[in-house]
Structure formats: structure tokens, C-alpha cells
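Chemist: So you can see what is in the structure, the chains are spelled out below.
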Amino acid sequence: MSHDNMPENKLPEAHDASHGHDVAPHGDPFADPGLPVHQPRRTDIDERAAKRAERQVSLMFIVSMLATAGFIASYVIFPIDKIVYIFPLGHVSALNFALGLTLGVALFCIGAGAVHWARTLMSDHEVPAERHPIEADDEVRADVIEQFKTGAAESGFGRRKMIRNTMIGSMALVPLSGVVLLRDLGPLPETKLDHTGWQEATPAQPIQLINMNTDLPMKAEDIQVGSLTFAKPEGLTEDDEQFQEKIAKDALMLVRIAPEDLKDSDSSDLGFQGILAYSKICTHVGCPISLYEQQTHHALCPCHQSTFDLADGARVIFGPAGHPLPQLKITTDDKGFLIATGDFSKPVGPSFWERSA
Amino acid sequence: MSSASSATTGATKPSSTRAKPANKGEAAADYLDGRLGIYSLAKANLRKIFPDHWSFMLGEICLYTFVIIILTGVYLTLFFTPSMGEVVYHGTYAPLNGIKMSEAYASTMNISFEVRGGLLIRQIHHWAAIVFIAAMFVHMMRVFFTGAFRKPREINWLFGFLLLFLGMFDGFMGYSLPDDLLSGTGIRFMEGAVLAVPLVGTYLQMFMFGGEFPGNDIIPRLFTVHVLLIPGIMVGLLVAHLILVFYHKHTQFAGPGKTEENVVGMPLMPVYMAKAGGFFFLVFGIIAAMSAIATVNPIWAYGPYRPDQVSTDAQPDWYMGFSEGLIRVMPGWEIHLWGHTLNLGVFIPLMVFPMVLAVIAVYPFLESWITGDKREHHILDRPRNAPVRTALGVAWISWYLVMLIGGGNDLVATHLHLSLNDITYFVRTSFFLVPIIVFFVTKRWCLGLQRRDKEKVLHGRETGVIKRLPHGEFVEIHAQLPADKLHKLTAHEQLQPMELPAEVDENGVKRKIGRLTKLRAKISKGYFGEYSQIAKPTAEEHHEITSGHGHH
Chain A
13 MSHDNMPENK LPEAHDASHG HDVAPHGDPF ADPGLPVHQP RRTDIDERAA
63 KRAERQVSLM FIVSMLATAG FIASYVIFPI DKIVYIFPLG HVSALNFALG
113 LTLGVALFCI GAGAVHWART LMSDHEVPAE RHPIEADDEV RADVIEQFKT
163 GAAESGFGRR KMIRNTMIGS MALVPLSGVV LLRDLGPLPE TKLDHTGWQE
213 ATPAQPIQLI NMNTDLPMKA EDIQVGSLTF AKPEGLTEDD EQFQEKIAKD
263 ALMLVRIAPE DLKDSDSSDL GFQGILAYSK ICTHVGCPIS LYEQQTHHAL
313 CPCHQSTFDL ADGARVIFGP AGHPLPQLKI TTDDKGFLIA TGDFSKPVGP
363 SFWERSA
Chain B
-14 MSSASSATTG ATKPSSTRAK PANKGEAAAD YLDGRLGIYS LAKANLRKIF
36 PDHWSFMLGE ICLYTFVIII LTGVYLTLFF TPSMGEVVYH GTYAPLNGIK
86 MSEAYASTMN ISFEVRGGLL IRQIHHWAAI VFIAAMFVHM MRVFFTGAFR
136 KPREINWLFG FLLLFLGMFD GFMGYSLPDD LLSGTGIRFM EGAVLAVPLV
186 GTYLQMFMFG GEFPGNDIIP RLFTVHVLLI PGIMVGLLVA HLILVFYHKH
236 TQFAGPGKTE ENVVGMPLMP VYMAKAGGFF FLVFGIIAAM SAIATVNPIW
286 AYGPYRPDQV STDAQPDWYM GFSEGLIRVM PGWEIHLWGH TLNLGVFIPL
336 MVFPMVLAVI AVYPFLESWI TGDKREHHIL DRPRNAPVRT ALGVAWISWY
386 LVMLIGGGND LVATHLHLSL NDITYFVRTS FFLVPIIVFF VTKRWCLGLQ
436 RRDKEKVLHG RETGVIKRLP HGEFVEIHAQ LPADKLHKLT AHEQLQPMEL
486 PAEVDENGVK RKIGRLTKLR AKISKGYFGE YSQIAKPTAE EHHEITSGHG
536 HH
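From first to last, the protein sequence lines stand for chains A and B.
Residues 13 to 369, numbered by the working numbering, are exactly what the first sequence covers, in order.
Residues -14 to 537, numbered by the working numbering, are exactly what the second sequence covers, in order.
Pulled out of the complex, with its shape left as it was, chain A reads as follows (with noise of 0.2 Å):
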């Protein structure tokens, strides 16, 4: 890489201290002196260097060749299911790491030979092209504006009212069949929001809670106190035709916290012995909520952080949610399990205007 070789004609000019920096001693020092000169790059002046970068870019497509190659073999070669240990990524799919890695070389290699190229190869001489104004001239303007009258005034446009208007009108409403269309995009709310699947249970025909986990019914002694239990309606399975729609709603949390913790009257009022069965859906936006402190009684919505203080009727005492987990109302049947009468005094999930408390 020294300049030992090369041929002495080549070389670039010496360069003059003053060359293309001449600044007239009592002119304006700041004034544009003009594009620079050209300096030329190794390549422009050493064939061999510019034989040698020519080599460099072909390597580089030669490279992306048999990456290329390299691709197809994994494809073929690498089962799909194989598990490789790689350091530092640990266990990864052969297949995906073989493939992605030779599709990135073979793509790549393409660009930075390109590139290398046009840095080494290519002429680099910078040169200005004149830029025009956006704006057309007056005449054009003039003429354009002459034209468009011309036209205006030969639809009569402006003369005739009477199309005129009807024809905006005319338009003005037939967007409305395309919204009109948009009707049965679903159904209209009415009440929906505000019930639950619980309220098929009365006082003469419970529901029981199922266990989320277990599928059974669940007797009081079967709910310790500062454990979280998750829970569904009877008779509601995954097999249901609407199983995510109730249970977006249904799914509730039940606690069991000693009386002594309990702060709100009302709230275990609607419990038994304790227990309390709360929406398990947040009444921020929705998430269903899953972190439980059994010290504090504290449930938090891992979503965006709502905080309600089980113990006090699910008040909130931290994050975005704007009113209570509604609760609902628990008791025993006769054989022990926990039944509910009716469904929740309030609407589950997130606010809506409709919702009136």
C-alpha cells in the first residue's frame, strides 16, 4: 500500500497551498470559493490498485454466490424441528439460523460490492446541475388561469345554478348508501354491555362457581385465606360456542380474606364468610387482572398497573382504572358449594357512556 510503485505522471499535483482557497486580501473573506477540485482516489491513478478493488467487488458477488448456495443446502439438508445449541444465542433452530444467515450474507454481499463499486470504481467527480424554480412563470400562470376560465365558462358551471346545485347535492348524499352499508357491521349495543352470564342464576335456580383450574365446584373450606382463585359459571366450557365471548365477562377472582381485614361492610356483605368473588376483568381497559399481594390484598392489572384494595371493596388505589372491580354476590348451596343468586350489581370491564353508575 506505499507509493513506492507508482508512476510519477500519476501522481496527483502537488498541492498548492493557495489552490482553490485564494481569498482576496480585501474582498469578502466569507465569499463561496467555488467547488473544490477534484482529488483524485488511488483507484483513478493506479490501475493496480483499481485491478485490485475490481477483485475485492467480484469477491464480494462471488461470496453472495455461494451464500445463495449455502441457502439451498440448509433448506434442503436442516430438518425443520432440529434444535441447535449456538453460543452466545442458546438453543435455536438450525434451520431459521442457517437460513437467515445465509440469505443475510447472499444479500449483503450484493450490497456491498455495489457499493464498493461505486466508491472505488466509478467516476466520483461531483458535479452542480441548476435547479429551476418550482413556480412557473406569469405568462404560463396567466395562460393556465385564461384556459381554466375558459372551460368554467363553457360548462356554465356558475351560470346555471339550478345544476349546479342539484348536482352537489346529488353527490352530497350518495356516500350515505356506502355508510347506510356499513349497518350490519354488527349489532346494535342495547343492553349487552351491562349483563353478564351470571345473570341466568336467581335465588330459586344458583349458579355454582366452577374452578378455573380443577373444572369443579368449590365449597368454602376449599378457599384459603390469601389464595386467588379463578373461577367460571357453571356449565360454561371451552366447547361452547361462545366460550371468549362469556368468558370475557364471566371470569371472576375470588379471595378469601380474614374478617378481621376486611374495611367495606357492603363488600363482604355480598361475600361469604370472607370470600369475595370479583370480576377478574379490569375496569381500566380490560385486561384480566392476575397479580394478587396476599398481605396487603392488593390486585394489580399487569396490563397498565391498576391497583384495587380487595379488602375494600375492590376501591383503586393506584393506576389508570377510573371506578371499582364490581363484586359478585356469593353464597353456599345446600350440599356447601359456592353458588351466586344473580349477576353483578354493575357492568364488568372497561367504562362506556351508556354505563350508569
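Honestly, the hints are just simulated from the structure, not real lab data.
Keep in mind that a hint or two might mislead.
BS3-like mimics (lysine-lysine), calculated; alpha carbons at most 30 Å apart, straight line [said to hold, decoys possible]:
hint	chain 1	residue 1	chain 2	residue 2
1	B	Lys85	A	Lys94
2	B	Lys85	A	Lys204
3	B	Lys470	B	Lys441
4	A	Lys258	B	Lys85
5	A	Lys231	B	Lys85
6	A	Lys161	B	Lys359
7	B	Lys470	A	Lys63
8	B	Lys136	A	Lys161
9	B	Lys136	B	Lys521
Following the hints, complete the assembly by docking chain B onto the known chain A.
Modeler: For chain B alone, kept in the frame of chain A given last:
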């Protein structure tokens, strides 16, 4: 009329006046030109001059990632089933065997575990989307801080803004489609946000979801919007954006030989065809390699969506972090009146989010109103030479970052062992305070840099050579900057604050000055007044110093 064929077969045969093409390539070009007029098109563009600067690549990254997203997206549609129909999973991923899930989720599992290369394409699609939006943000920052949005490019700024806005939402919809536990939680959030809209919220919710949440319609509907509607609009905007870039010709930084009337650089063919074309492959290659080594959105680990289940660390993709922050730190205000609920705790963030974005959309129009500048600008500003604009931009970014911290408050809390509540209170305060502090710090910083430029122009650069004067004093020798640097550091123009017309006109009649004009004068003073820019050195100052006592 000298074509050889017409001479042999008689003058009646219609013929072209064009000379015989030299080779097959020219013949093909002639054929196309006769039908498409490609020569006139190529004349203007084949050797079009583009200036060189690293920051001009940022827009290219946006374009290329968009192309990558389209390519991989088309591939994914060949295997993805946009349906919420229930199936029981019996694929190769054992942990989910026998579990009920939607066809959308099952087909995404199939793409990830049974289609060879499917996982790679999914990963490239997702990574490219993440890079796409990041690149659009950074590209917009480049345009903002250099004032490239000024006339004649304001409308192109709007096109770019719309691309960012649509890109963010298309990204959100895209990662909602697999119907995994995390994305379903995102859709649930969307439902809650829609419900918070006063008056029509419940109707909108029912129409969007085709009934109660989650229903069976939302995934297929999002799919159509995600793969057809929004990308279609985006392609249109993108083409318009690029046509305008070509039409306006690229902006350039000030420098020797560069003026408002020219653009200095190298020609599209061959230099930028190779550089920009090559850059596409570089970007694609890097994203492919990223997808090989770093997993994004491992949906198999989340499991299928169920409305009563959730995982901790529920985070949206980074570009939704800002809105996530707003929704997390907003106090839970609810107003109950006349049997109705106004859910301000969700509705306010829902409105603030687009407004914060809209601020950037309208900025060029705001600035041109303040400056009253109607000229075309093709020479870029150095950010320091527009201190108030730069400070506003940085303040906006700090605003964004504050809310990003808010959006990841649980991660910040667990990783840095801080109290979640403290972070939330900090973010609430910072939302109002940090942008103001950042504004003033940045403005002072710019002014400091302006002073430094002035010092360099007048006193030259420090050479590091220490000279001892006869009386013993040590001084550092300063060397004059070369002419090109002097020009570069003084080429910017400095606008003066707008002056209100005199209260009383020449006839002694009181003039009415509108409130808006007064406001404009006030802002103009804030932008260009004596506390907002350092007067650039004049030739006289320079002469005085350089002719006085030489280099010192």
C-alpha cells in the same frame, strides 16, 4: 425520410424518421420509447444529480424496509388463515398440543414450525416493520432539524407524516393478527379505548367487532385493512413522496460551490444506482441476519388468546410505547352524570396521542407563518443555526421518550429495582416539565455552538502550537480557516424578528393591529430576537482581527 426500407418498397409505406438502431438494446429502447416515451423521461432522470451526505440514507432505509415488508408480507399471506374459527392444535410444537385456538393462531404456528423458512420470513417481516418505523422517525428528524421541510417541500412533509402515522397503525394491526395472548391483549385494549369514546363508543365497538368482544370478525377485518387498505394508501403516498423528491431535487448542505440555484453531487446512473441499489441489499441482508439471531414476537411462548388470561410484561411494539405511556400514567378520571359515564382516563390519552403527532405534521406551516418567508429553500440549515426550531424538536423527542418510559414502567421498575408508583408519578410530572427544561437546555446549547463557530471564523482554529512571547507570555497560535470553511460557517442567513407596524400611521390615524399579528410578532421575537441567535461575524469584524495583529 432516408430509411433504407422505404427506398426499396416504395414511398407509400409509413416509416419512422429515426436512424437505424446500433444494436438490439437500442432497438428495444426505441420500441419502448415509441410507446411509453421513455427517452424524455430518462433525459431528465438518468443522470440526475444527487448530493452526498450520510443523513440522506435514512429515507432510503424507510423505502427499502417498506419493500421488504411487502415482499415478506405477500409470502406470509400464502400460509396465514385470517380466521377466528376454533381448532384444536396438533402441530409439531408439543407444549400446545391439544389446546384450542383460533385458525389465525394455528396458522401462524404452522408458519413458524412447519413451513421451512416460514419462521425466518415472519421474523424478517416483523423486524423490518420495527426498523421501518424507527427509520421514518429518524428520517423525519433529519428533515426537521435541517429545515428541509421548508418551501417547496411542506406537502411532501405531510405525505411523509401520513406514511409514519399509517405505518404505526398498520404495524399495530399486523402484530394483532396472530391472535396470540399478547396481541389479543392489545386488541382488548383497543376495544376499551373505543368504548371510552363518548356517545358512539359502544356502537363503534359493536360494529368493529361484529358484536361483543372478541367475536369472530375482528381478525379477518383487521387482515383486510392490514394487507390491502393501508398498504394500498401507503404505496400511493410513497410514490407521490418519491416523485416530489425527484421533482424538487434533493436539498444540500451549504459548502463551497453550493447555492440555492444548484445541486452538487454525483449522477444517478451509475453512482447512485450502485450506491442506493446496493444499500437496499445491505439493509435487507442485515435484517435477514437479525432475524436469524434475534427472535421477535415468539408467539408460541405466549399461547393462544383467551380474554381471561394475560402474561406479565405485556408490552406493545416500541412505536406504540408512546400511546401506552399516556394510557398508563393518566389518572383514572371518570365523570358520572345523568346516567352516563365519561371515561376521561382513557379518552384523554386517546385524544392526546394524535394531537402530539399532529404537532409535527403542522410544524412547517406554523414556521412559515411565523417567518413569513415565501422563498424556496434548498440549502439546509445546520441545527445550531435554528436554535428555537432545534430546541422544539428536541423537546418533542424528550416528550416522546418520557412517555416511552411510562409505557414500559413495569419493565423499568423490575429491571432498575424502582417503585412502579414512583416511576408513574415521575412520568406524570415529567410530561409537563421535561420538554420545557430540554427546550431551554437545547436552545442554550445551540447558541453556544453558534458562538464557537463565530470564534473559529474570527480567530481561526487552535493549532496546538504554543509560542512564548519575548516578555514571557505563552500564547497558542491560531491558524486562519481555509476559505471553504469560512464560507461554510457563515453561509447561513439570519432572519430578523418581525416588526409590528407603528401604532399610528403617517397620517396620525390609529392603526388596528390584529391579535394574531401581535402573537406572530411575539413568537418571531422568540425565534429570531437577540436572545435566540448570535449575530454571525461580518467581513469587517474579520478584517479588523486578521489585519490587526496577525494570527492570534
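Chemist: Please go over all the hints and tell whether each is borne out by the structure.
Modeler: Okay, the hints, checked on the actual structure:
1. Lys85(B) / Lys94(A): Status holds; Cα separation ~26 Å.
2. Lys85(B) / Lys204(A): 26 Å, holds
3. Lys470(B) / Lys441(B): Holds - the C-alpha atoms of Lys441(B) and Lys470(B) are around 10 Å apart, at most 30 Å.
4. Lys258(A) / Lys85(B): It holds: about 16 Å lies between the C-alpha atoms, which stays within 30 Å.
5. Lys231(A) / Lys85(B): Answer holds: Lys231(A) to Lys85(B) is near 29 Å, not above 30 Å.
6. Lys161(A) / Lys359(B): 27 Å, holds
7. Lys470(B) / Lys63(A): Violated, at roughly 35 Å.
8. Lys136(B) / Lys161(A): Since the Cα atoms of Lys136(B) and Lys161(A) sit roughly 28 Å apart, the hinted pair holds (cutoff 30 Å).
9. Lys136(B) / Lys521(B): 24 Å, holds
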